[in-house]
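**Student:** Protein chains in written order, with numbering that gives the first Met the number 0: chain F, 0 to 396; chain Z, 0 to 338.
Worth flagging that the hints you see were computed from the coordinates, not collected in a lab. For each residue, glycine too, the CB sits at the ideal point set by N, CA and C. Be careful, since some hints might not be right.
Short, incomplete list of chain Z residues facing chain F, as computed with Cβ under 7 angstroms [as the list claims (entries may be wrong)]:
#1 Arg-217
#2 Pro-219
#3 Glu-226
#4 Pro-305
#5 Arg-308
#6 Glu-309
#7 Gln-313
The following residues of chain Z were derived to be distant from chain F, with all beta-carbon distances above 10 angstroms [unchecked claim]:
#8 Ala-32
#9 Val-90
#10 Ile-142
#11 Leu-145
#12 Ala-169
#13 Ile-218
#14 Asp-310
#15 Trp-317
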Amino acid sequence: MTVTDQDLVRHLSEAAVSIELQTPEMTLNIGPQHPSTHGVLRLVAQVDGERTHNVQPVIGYMHRGYEKLAEVRNYAQITTLINRIDWVSGYANEVPFIVATEKLMQLEVPERAQYIRLILTEMARISSHLVFMASYPLELGAATPLFFALRDRERVLDLLESVTGGRFHPNFNRIGGVKPNAGAGSTQRKVSQDLPKTFLGETKAAMDKVLESADEIEDLVAGNEIILARTKGIGVIPSDVAASFGLSGPNLRASGVNFDLRKVSDYLPYSKFEFNVPVGENGDCWDRWYLRLLEIRESARIIQQAVDSIPSGPLQAKVPKIFKVPKGEVYVRAENPKGEMGYYIVSDGGLGPYRVKIRSASFSNISILPWLLEGAIIPDIIAVMGSLDFVLGDVDR
Amino acid sequence: MMEFLSNFWVQLVIKLLIAALIVPLVGMVIGFAEMKLSAKMQSRVGPYFAGGRWGWAQLIADGVKFFQKEDLVPAEADRPVYKFAPVLVLVSAVAILVPIPFGPAVVGRDLDLGVFYVLAISTLSTIGVLMAGWSSANKYSLIGGLRAAGQLIAYELPLILAVVGAVIMAGTMSLTGIVNAQATWFSEHGWSLGMPFVLVQFVGFAVFMIASLAELARIPFDMPIAESELVMGYITEYSGFRFLFFFLAEFANMFSLSAIAATLFLGGYWAPGLSERMLNILGPGILFAKIGILVFIMIWFRWTFPRFREDQLQTIAWKWLVPISLANILATGVIKVIA
Numbered sequence: 000m001t002v003t004d005q006d007l008v009r010h011l012s013e014a015a016v017s018i019e020l021q022t023p024e025m026t027l028n029i030g031p032q033h034p035s036t037h038g039v040l041r042l043v044a045q046v047d048g049e050r051t052h053n054v055q056p057v058i059g060y061m062h063r064g065y066e067k068l069a070e071v072r073n074y075a076q077i078t079t080l081i082n083r084i085d086w087v088s089g090y091a092n093e094v095p096f097i098v099a100t101e102k103l104m105q106l107e108v109p110e111r112a113q114y115i116r117l118i119l120t121e122m123a124r125i126s127s128h129l130v131f132m133a134s135y136p137l138e139l140g141a142a143t144p145l146f147f148a149l150r151d152r153e154r155v156l157d158l159l160e161s162v163t164g165g166r167f168h169p170n171f172n173r174i175g176g177v178k179p180n181a182g183a184g185s186t187q188r189k190v191s192q193d194l195p196k197t198f199l200g201e202t203k204a205a206m207d208k209v210l211e212s213a214d215e216i217e218d219l220v221a222g223n224e225i226i227l228a229r230t231k232g233i234g235v236i237p238s239d240v241a242a243s244f245g246l247s248g249p250n251l252r253a254s255g256v257n258f259d260l261r262k263v264s265d266y267l268p269y270s271k272f273e274f275n276v277p278v279g280e281n282g283d284c285w286d287r288w289y290l291r292l293l294e295i296r297e298s299a300r301i302i303q304q305a306v307d308s309i310p311s312g313p314l315q316a317k318v319p320k321i322f323k324v325p326k327g328e329v330y331v332r333a334e335n336p337k338g339e340m341g342y343y344i345v346s347d348g349g350l351g352p353y354r355v356k357i358r359s360a361s362f363s364n365i366s367i368l369p370w371l372l373e374g375a376i377i378p379d380i381i382a383v384m385g386s387l388d389f390v391l392g393d394v395d396r
Numbered sequence: 000m001m002e003f004l005s006n007f008w009v010q011l012v013i014k015l016l017i018a019a020l021i022v023p024l025v026g027m028v029i030g031f032a033e034m035k036l037s038a039k040m041q042s043r044v045g046p047y048f049a050g051g052r053w054g055w056a057q058l059i060a061d062g063v064k065f066f067q068k069e070d071l072v073p074a075e076a077d078r079p080v081y082k083f084a085p086v087l088v089l090v091s092a093v094a095i096l097v098p099i100p101f102g103p104a105v106v107g108r109d110l111d112l113g114v115f116y117v118l119a120i121s122t123l124s125t126i127g128v129l130m131a132g133w134s135s136a137n138k139y140s141l142i143g144g145l146r147a148a149g150q151l152i153a154y155e156l157p158l159i160l161a162v163v164g165a166v167i168m169a170g171t172m173s174l175t176g177i178v179n180a181q182a183t184w185f186s187e188h189g190w191s192l193g194m195p196f197v198l199v200q201f202v203g204f205a206v207f208m209i210a211s212l213a214e215l216a217r218i219p220f221d222m223p224i225a226e227s228e229l230v231m232g233y234i235t236e237y238s239g240f241r242f243l244f245f246f247l248a249e250f251a252n253m254f255s256l257s258a259i260a261a262t263l264f265l266g267g268y269w270a271p272g273l274s275e276r277m278l279n280i281l282g283p284g285i286l287f288a289k290i291g292i293l294v295f296i297m298i299w300f301r302w303t304f305p306r307f308r309e310d311q312l313q314t315i316a317w318k319w320l321v322p323i324s325l326a327n328i329l330a331t332g333v334i335k336v337i338a
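The whole structure should be built from the sequences, with the hints applied where relevant.
**Tutor:** As structure tokens, this is what we get:
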């Protein structure tokens with residue numbers, strides 16, 4: 000076999016094309032101590048320059064064992080723990096657990112108590128979404144929207160505090176209603192305690208302010224070309240993928256799946272109010288940001304309607320002094336700010352639950368990270384991670 | 000007395016003293032302005048207690064604090080390079096001030112190739128940044144340093160090309176000469192009227208400002224630091240006075256790049272209707288006022304915009320700024336030949 004000149008030329012040119020600069024890959028640990036991993040999430044990424052692949056989240060740094068702790072406490076004590084699961088919206092965590100317990104006990108909760116629960120849950124949603132409004136631009140490098148969003152969150156937290164006495168961990172729900180009496184536990188004549196007198200009026204005014212500042216935040220952030228360039232078309236989750244990873248809440252709806260437990264389930268009387276469920280189109284980071292802004296507006300609308308139509312009546316159903324929950328099991332899920340939160344409670348008829356399984360939204364939501372971040376560059380990792388809006392307490396429990 | 004002052008060594012000592020003082024002083028003034036302005040923009044109060052009134056002593060307190068801190072060097076670091084990097088960054092911030100005229104006679108040294116010198120020195124700080132990134136033995140620092148290098152290559156070109164328009168207009172590369180050209184633009188018509196080049200070189204001015212923001216690694220181009228991504232980028236491992244050096248150098252570079260922009264495009268120390276004698280006295284004040292406006296714009300950007308992505312930064316440099324400034328040079332040249 001003879002080698003002609005043409006063969007040689009072809010061979011050399013092919014060799015020239017196939018030579019690529021071989022650069023070693025570097026393992027980059029993003030977290031657990033890092034400014035934008037929302038606490039202690041750790042991402043282990045293989046980095047080649049800015050390009051990454053095989054990004055693996057490592058969780059468990061915030062594991063506090065709440066499911067096990069719940070087994071050695073009685074039902075009334077557990078709300079103190081579950082307040083701290085998703086600490087950005089502490090109040091919203093309590094509701095599904097209490098509703099589940101009430102279902103087991105077959106208690107009828109007074110309507111006024113249900114309305115108060117609903118109002119406060121929506122407030123928790125607003126405050127949680129406002130934290131996202133604050134932190135997400137910060138992750139993209141804009142520091143100023145933080146102050147606008149946190150200023151309005153303060154209004155909401157003040158209202159929450161005026162009713163419950165707590166800003167983050169209200170621990171306000173009781174089995175059968177909401178914190179009913181000032182003298183609870185004593186044998187003295189029980190003094191009835193209701194909402195603060197000015198609460199309803201102040202809430203309405205505050206919701207007007209929230210609606211106003213939602214417009215302001217939209218102006219500030221949505222009008223910024225750089226934010227749009229950083230988020231549009233980044234971290235796209237198609238609707239089928241979103242569903243198959245078990246995403247829930249705003250992350251699922253941003254991908255175009257219209258699923259909201261407030262419309263589907265009856266854990267709180269949402270069916271009495273008129274509100275829309277905003278749904279995104281593209282499932283990118285921008286949709287996830289904008290959808291939460293729209294949800295703030297819807298929540299404010301729900302609260303205003305609830306304030307107008309809140310019935311009077313008792314705050315607490317008649318319950319025995321010592322709770323004995325009958326044998327059985329129940330699963331109650333709720334639409335929390337971060338997504339679907341569910342409690343599966345198994346009771347053996349004792350003072351406390353036999354087993355509690357907590358289904359938290361953030362845990363399922365970040366399961367999509369390895370799929371979503373495959374081949375992303377470092378700035379996009381932060382942009383995508385931030386847009387999922389998770390809380391590490393909600394991931395690790 | 001005049002004899003004593005005109006002695007070369009005496010002059011050198013005076014100039015060195017001024018140079019040594021101006022960087023920390025300017026750094027503190029701009030740093031304090033940034034603190035207060037950002038507070039205003041975010042409806043905060045900002046520094047309040049230090050010094051009694053408006054917290055004016057905050058930056059002094061911060062400086063003292065940095066000197067008290069331990070000077071940590073990571074075990075794996077390349078020690079000499081790690082220690083030298085902040086010095087190089089700060090030195091370049093001082094050296095860039097040499098040919099900038101603060102008055103007809105108030106100038107460190109009027110170099111014939113002043114523009115060339117200034118642009119060359121301004122690159123030096125990036126080498127310091129790259130050294131810091133490499134020697135820290137930290138992956139975040141390394142990525143930050145490499146980003147800084149990529150940014151330098153992308154933005155040095157539009158920075159230089161943007162200046163060319165002003166140089167063509169003035170016909171000289173001496174910074175004093177460029178100010179003179181602006182001051183006496185209409186003198187051949189017998190009018191004692193000048194013209195800041197920004198009026199005809201607005202494109203060049205805008206490109207220069209954008210490129211110098213990138214050169215300074217300030218938002219929206221702060222990818223080498225990118226706090227939410229790279230912790231602190233190339234300064235992650237630095238502490239104590241070495242950190243302070245980077246901190247000061249950023250503000251000093253803001254000052255000097257604004258000074259260059261003011262000199263090239265806003266008429267430098269010159270203001271209409273003042274004699275040369277008056278300009279020697281008032282010139283520094285006039286230049287500082289012009290610098291103040293530009294620095295304010297930089298601070299304004301910093302607290303308004305988010306950060307670009309690395310690839311978007313490259314796109315802006317190569318696809319927008321370079322062609323625009325080339326077109327600007329072409330247009331300037333054609334007009335210069337015709338007119």
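**Student:** Go through the numbered hints given earlier and state which of them the structure violates, listing their numbers in rising order.
**Tutor:** 1, 7, 10, 11, 13, 14
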